[in-house]
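Trainee: Below are the chains, spelled out letter by letter.
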Amino acid sequence: MKTVRIDAKGMHYTPLNQKIRAAVADGAEEIILDNVLGQRFIGDGLRGNVRIVINGVPGGDLGMFMSGPTCIINGNAEHAPGNTMDSGMLVIHGSAGDAAAHSMRGGKVFIKCNIGYRGGIHMKQYDVEARPVLVVGGTAHSFLGEYMAGGLVLVLGIGKDKAMTDRGIGSGIHGGEIIIRGEVDDYLLGIGAKKFKFTESDLERIAPIIKSFCEHFGYDPAKFLDTSYTKIGPASSRPFASKYVWE
Amino acid sequence: MTLGSVPPKFKVSIDRDECMDCGRCIENCSYGVYRREGDRILVESRKCTACLRCVAMCPRDAITLTEKPIDYRSHPLWTREVREDIINQARSGKIILSGMGNARDLPVIYDRLLLDACQVTNPSIDPLREPMELRTYIGKKPSKLKFKKTESGDVELETKLAPNLKLDTPIMIGHMSFGAISLNSHLSMARAVKETGTFMGTGEGGLHKALYPYQDRMIVQVASGRFGVNIDYLERGAAIEIKIGQGAKPGIGGHLPGEKVNEEVSRTRMIPLGSDAISPAPHHDIYSIEDLVQLIRSLKEATEWKKPVFVKIAAVHNVAPIAAGIARSSADAVVIDGFRGGTGAAPKVFRDHVGIPIEVAIASVDQKLREQGVRNEISIIASGGIRSSADLAKSIALGADAVYIGTAALVAMGCRVCGNCYRNLCPWGIATQEPHLMDRLDPERGAFQVANLIKGWTLELSELMGAAGINSIESLRGNRDRLRGYMLDEGMLKILDVLQAGA
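Sequences listed follow chains A and B, in order.
Residue numbers are given in the working numbering: position 218 of the first sequence equals residue 218, and the series is strictly consecutive.
Residue numbers are given in the working numbering: position 149 of the second sequence equals residue 1149, and the series is strictly consecutive.
Hints listed in this document are in silico derivations from the structure and should not be mistaken for laboratory results.
Positions of the beta carbon are idealized from the N, C-alpha and C atoms, including for glycine.
Among the hints, erroneous ones may be present.
[Claimed, not checked] Beta-carbon label-pair distances, calculated as ranges:
(1) B:1070 x A:186: 44 to 54 angstroms
(2) B:1044 x A:186: 32 to 42 angstroms
(3) B:1436 x A:29: 47 to 57 angstroms
(4) A:242 x B:1086: 50 to 60 angstroms
(5) B:1328 x A:5: 49 to 59 angstroms
(6) B:1263 x A:238: 17 to 27 angstroms
(7) A:242 x B:1213: 34 to 44 angstroms
(8) A:49 x B:1057: 52 to 62 angstroms
(9) A:48 x B:1158: 32 to 42 angstroms
(10) A:208 x B:1141: 51 to 61 angstroms
(11) B:1047 x A:183: 51 to 61 angstroms
(12) B:1104 x A:208: 49 to 59 angstroms
(13) B:1093 x A:186: 22 to 32 angstroms
(14) A:218 x B:1374: 47 to 57 angstroms
Chain B extracted, bound-state conformation:
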């Protein structure tokens, strides 16, 4: 072992004066950090993932956790992470896998965009007094409306409208599959979206029977593995989403390890127990934009043109022309997933280096669709690193119709973003199929928390809009005049079509 061991990532210690020896840390830690020996609780810091379950459950606040307790010789290029990845690959010769979203310290464009507010010349609106219109329709909008007069003198709409999803707030929950996350997580989110008048995605894991009561709030996904996809599944969904790519790992497929394929997952995905569920990199019936049209139309034809069909792509260099192609393909919405999008597991090199920021992707897609006169043909749903109502408001001002949240919804259920989703040991009962861990997430409580998050953001969005003198989400959409750039370079401001702060 010439390489030896690398230092532990975290140091856990118990304040013995505070500790009352209740053992809740031992019970709660699924990674095996704590054990009892005699009358003493011992700690093995190396096993810690910083999920903070023990800290949250300790009744005496007796646990302290420190990140990177040992320093390497500091070096701006040869960081600790770089050195440890090399050691890992020198040992294994393999591709490094990692969980959750991009973990590199890159500038966040959202944080360098500032929102506007009214002062003096035009009054702001008080959302307590005035109605704020947040209702959002996702789907094709007609370029013009035709009416006819009936014999009784009434006016009737002659134009046939395409099916749309009606959202009470422009926040939806994105696709995280049953398999990657637990049934209780899905139930929590399903109840929350039903309560708040919005929608969630199933991910590529099928639709569990327990979710049938919420099916009119579910967007069913069709990805390259076609897991769980049959006519029954397609008919149950409120909308159908074709997943072409994912922001966390553009260009590659997915892979649910056999360990996570228990009986329930196997039944829902319709695959054998314990077998790997492999989603190929491309859809093997889509090798061109014409083939994508064919898949979209096959889904519409199968469901008798009653459901909107979305296409999800990762934000990559040519995202705008790709989205323009999708806008002409009979799709009703394009979902753009930025390079900070989360995942249960992705090769680290993809997670951290492939794709582009969602902010620029929204701006360039919206711009391209408007230039080509097809913006009404398709809605834009933005996802990948939406952390707050400010990110939401900025996304809409850049041109999105609505957003998908993922990690934020998980955090609302208890997730602390430790990034060990792939180990099936999630102590919060989220990214696990272990019954004793999953039981820790009470769907009723989970639903309450997720609904609270959506409600909180919705209230904040109303306030932000009111402050800007806007009383309808339509007037915020693509309204880049209400954004200013702060510490962004000229090239970036040009792409975003946003003025410099002060201008």
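Extracted from the complex, chain A is given alone in its bound form:
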């Protein structure tokens, strides 16, 4: 495997991304970024099958518009990792800020610990291949999966009494599904969101995702492979249909 190592210490994000692009164009299969500290837009609009290992804490919009690469982040991530991402993968060995996986259309974002507000907001899907997945090991703040139009948000609540304690889950959701470990109190649901029974066939469907998540972070998947989840989906695919009348 052709590996390129870049020391990002004190480097602005534009030259850093230029170096990454040059390495990809040069046929690098793995790029290791050391001493990353707050550089935004890493992998922004990047194409290809490259694997990028980020040692440190990347800044906002990590992997935005990204199409293909896999990023392994050995640290936390900032605002909106996976923003409007098309395909590829982000594996974050830590927590992430607000608007994680915002408007994501495909690929996977795995976050070991917690995320901020508006996680998975306006995630959407198109076709079967372009189905985005956001998995959060810990918990998420309010407005999780708000305006969601497709894809899957999974919250495992590892190390928490309750996986979700913040309100506004799935307000305005009109497609896709939010699956949360354990019970979810009714008052946490946003307008337009509805609870559904999590079935064996649901488990069968998401089991490969759970296994993959556990493999990345060294958890035993057996602990999560049961039907003790709550599934939240849209009460209607036309949440605003009854709000308007024509002139």
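Got chain A; can you put chain B on it based on the hints?
Mentor: Only chain B this time, still in chain A's reference frame:
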């Protein structure tokens, strides 16, 4: 039904002496006003929207259409419209939606601004003889230029220039999405802007494959729903525009009903077939001016700083400081959309009551940017109710670099401003995805008409400039001395920084 029905809005009648019974009215009306019973064409006026398709297609001019054939008791406060809206809401309990731009009879500031011309002391310029420079560059301009001498004695520019769009005329076509309007409308406009050396916006509907040949003339939009946005789309566009707000409905999002999401629309927006396409009110990754900077830079970074990025906002009360913030945010142009801006559908209360006129917005934004010494950092594109070359010239004299037209381009393709865009039944083949209706708009013919409109306005602008003794668009820009106010109050003249006619 204690409310009964409200009177029909239009009365359609056929002059039976003229009618030759060809049935073109029946064929052309997509709203079902006409039908044949036996040997007679019957008319159901209640279904009429005054799109005038039947009138335009009748070979004998046999059709007459009257607006508001029934009078209510007249009342200055309780107008017919007010009464009918109340009846509608008493029935439904819902928000009233409407199409096209602000329909209230409010004074138009453009009509109270008058242009100047030369007499005697400085001669006017004849555009037939003298070159008129209309070329406009949209984007950041350097505050100073640095040169260096090469060994061979040549002079080379040392300053790195930011990417700009080069327009042959300061008229662009604004963002109307594929989905809201048909592919043939987009094709017509794309060919027209290519021919006339200008640009058009995609709207938030993605870029259809059929438009790829015109991609270097397209400004791709990134709005809160991020529909159709991926790296491929961003790279194809000549420029990228972030839509924060829209003049027809400032502060709220957009909503394309599932009925309009057919296979082509679904593929282009990258959303499932038949699902509602909902754009949230804010961008949920922008909750502050710092976040806007981040989105702008993320778009530039994704496209390797090769493309100008515009930010479109609705003209609202604090438009000037907002634009000043945008000027410092790495954006290359700010688009200001006035309260008369059009739309496929907007809540009527927003369309008619929220926002401010584009004329005052241009003046106050230009003023603020000049005061702060950042006018060169950002171009101003004005939109929302630009109807003619006079509006265009006045916009530039108030301080705009260029304008976006919307409704005017639609009218050039056949639109009669009936305002029923949301029904997917547009008989002119514009605001519809129905193949049999869309086929009525021939892209070649449509392109010819839209290009003609742009050419006509460009000629008129040259004449207006020549008459004023100006031979370059740069000398007209922000040149408020060439405007005078007529029947405008002192406060308005002060905001516009324009003198009273006679002064």
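Trainee: If a hint holds in the structure, say so; if it does not, say that too.
Mentor: These are the hints, each one checked on the structure:
| no. | hint | result |
| --- | --- | --- |
| 1 | B:1070 x A:186: 44 to 54 angstroms | holds, 52 angstroms |
| 2 | B:1044 x A:186: 32 to 42 angstroms | violated, 49 angstroms |
| 3 | B:1436 x A:29: 47 to 57 angstroms | holds, 52 angstroms |
| 4 | A:242 x B:1086: 50 to 60 angstroms | violated, 20 angstroms |
| 5 | B:1328 x A:5: 49 to 59 angstroms | violated, 37 angstroms |
| 6 | B:1263 x A:238: 17 to 27 angstroms | holds, 19 angstroms |
| 7 | A:242 x B:1213: 34 to 44 angstroms | holds, 42 angstroms |
| 8 | A:49 x B:1057: 52 to 62 angstroms | holds, 56 angstroms |
| 9 | A:48 x B:1158: 32 to 42 angstroms | holds, 35 angstroms |
| 10 | A:208 x B:1141: 51 to 61 angstroms | holds, 54 angstroms |
| 11 | B:1047 x A:183: 51 to 61 angstroms | holds, 53 angstroms |
| 12 | B:1104 x A:208: 49 to 59 angstroms | holds, 57 angstroms |
| 13 | B:1093 x A:186: 22 to 32 angstroms | holds, 26 angstroms |
| 14 | A:218 x B:1374: 47 to 57 angstroms | holds, 52 angstroms |
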